[in-house]
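Read off the chains here:
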Amino acid sequence: MKLVAAVIKPFKLDDVREALADIGVSGITVIEVKGFGRQKGHTELYRGAEYVVDFLPKIKIEIAVDDALVDKVIEAISGAARTGKIGDGKIFVFDLSHVIRIRTGETGPDAL
Amino acid sequence: MIDRLIRRGVAPVLLALAALLPTLALAQDTPTLDTGDTAWMLVATALVLFMTLPGLALFYAGMVRAKNVLSVLMQCFAIASLMSLLWAIYGYSLAFTDGGGLNDWVGGLSKLFLAGVTVDAVSGSIPESLFMVFQMTFFIITPALIVGAFAERMKFSAMLWFMAIWGTLIYIPIAHWVWGGGWIGGMGALDFAGGTVVHINAGIAGLVAALVLGRRKGYPGTAMPPHNLGLTVVGASMLWVGWFGFNAGSELAADGTAAMAMVVTQISTATAALTWMFLEWLRHGKPSVLGIATGAIAGLVAITPASGTAGPMGAIAIGFGGAFFAFIASTMVKRSLGYDDSLDVWGVHGIAGIVGALLTGVFADASLGGAGLAEGMTIASQVWVQFVSILATLIYGGIGSFVILKVVDWTIGLRVTEEQETEGLDIAQHDERGYIL
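Chains Y and S supply the protein sequences, listed in that same order. In terms of the numbering used here, the first sequence is residues 40 to 151. In terms of the numbering used here, the second sequence is residues 6 to 442.
In case anyone wonders, no lab produced these hints; they're calculated from the structure. All values derive from a computational prediction rather than experimental measurement. Errors might be hidden in some of the hints.
Unchecked claim - Computed cross-link-like contacts, DMTMM-like style, restricted to lysine to aspartate or glutamate with a CA-CA straight-line distance of at most 20 Å:
{"no.": "1", "chain 1": "Y", "residue 1": "Lys-99", "chain 2": "Y", "residue 2": "Asp-54"}
{"no.": "2", "chain 1": "Y", "residue 1": "Lys-73", "chain 2": "Y", "residue 2": "Glu-83"}
{"no.": "3", "chain 1": "S", "residue 1": "Lys-222", "chain 2": "Y", "residue 2": "Glu-89"}
{"no.": "4", "chain 1": "S", "residue 1": "Lys-222", "chain 2": "S", "residue 2": "Asp-414"}
{"no.": "5", "chain 1": "Y", "residue 1": "Lys-41", "chain 2": "Y", "residue 2": "Glu-145"}
{"no.": "6", "chain 1": "S", "residue 1": "Lys-411", "chain 2": "S", "residue 2": "Asp-345"}
{"no.": "7", "chain 1": "S", "residue 1": "Lys-291", "chain 2": "Y", "residue 2": "Glu-83"}
{"no.": "8", "chain 1": "S", "residue 1": "Lys-291", "chain 2": "Y", "residue 2": "Glu-89"}
{"no.": "9", "chain 1": "S", "residue 1": "Lys-72", "chain 2": "S", "residue 2": "Glu-424"}
Let the sequences and hints guide you as you build the complete structure.
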């Protein structure tokens, strides 16, 4: 099992969710985050006072999937979240050792 | 305003008429109440209070950081209450009664505690009680304007002391000089609705307060963006609407001059809002919400002294001039000089007030569409008189504010501690938070 985490542009969240649903992903976790990468921040201006905002709002999604589905998930996220402009985000893949469904006590791939 | 009082009261013109038409003059000599004028002034008075609560309070509240939002709302609210009482107890009397031998400088004590301001008392064509409470709302908004200059760092108790003393020693005499029969009105200065008395006066007090208190901790290095520009736009919009009471109400009657005051107020404000928007667009690449709202305020300020005398095309020039110079002062000069007039009381009210007061002398001339200058006045001589009235307000208000602030600082201290400033005035001074989300 793998845990796929992706940081994406907030306005791409709906597209990503749909693309993941199409390939059979049954659940995702969404977190509002702030950060910077190559895009850096932006400047704001109030009556001539310029402020650099270092951290931009982004969306982080997390998906736990079976090994067989990982490549399709990565493909779906990169396809749906790409604009071609700087700041599209990144995808991180981790090994996932254990999953438990709280309601039934199921474990492993059955719990996904 | 004062020339209307003279016209409606015992003006020399009426004395001359009395010789020709004794019976008619007798009828006009006794002030009679006009219900139309009274109805309008009741509304205008409510509109001017609406400028402070909630207009100005929201305008300022949106521009401070979230941890200080209640502190500026509270300051405006407390000032409105405090000034109302001071005005009723002695303010009205000292500003608007005859001061005898001292009349050039200050009024008298004959109406202390509103003595004689009865149900039947008439001033011009409206109840005197109405004239008194209309003027009270000006006594409220002027100190409330100053709040923006020292926002986010002044102790609440010190703020109350400063405002009470400033209102008494600075506002009341200047209001008397201009409107109450004092020397500035006497030399023919035009200030229909309070360019000098309200805006230049608040502007210079704000600048001095910003200098005496010093910068906010972290200014200008730390980001201190407005926490809710939505509130600021709502506040600015209420100020715009309320200002019709301020300017058109200063005619003290429902007549053609009042209607024209409303027209020029609208035109000047619209011009100034667009001026600021386009200036910012040119200079920084984008038009901003704070910019267009600030521009509107600059236009309202600039037309204030001219609203009874300028014509509609003069209003375009006044609105443009007010916004142009206020833009330079607030966005460029302030930052290069480094003082922390937090919400630009001097940059907007002081500068647009001065530009408006000077241009009032120009656009009052009939050849430029104005109501016409007094006999014997030229544009040059009128502008000179305007200049003298501005200078007097700046000097008296500036030095007076400095002394009052120093006295309050020596006695109870002006500023909160550094720790309280970092924590925010809402918690430090009021044990409350504006947002519990």
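> Taking each numbered hint in turn, which are not upheld by the structure, reported in ascending numerical order?
Replying inline: Hint check: nothing fails, all pass.
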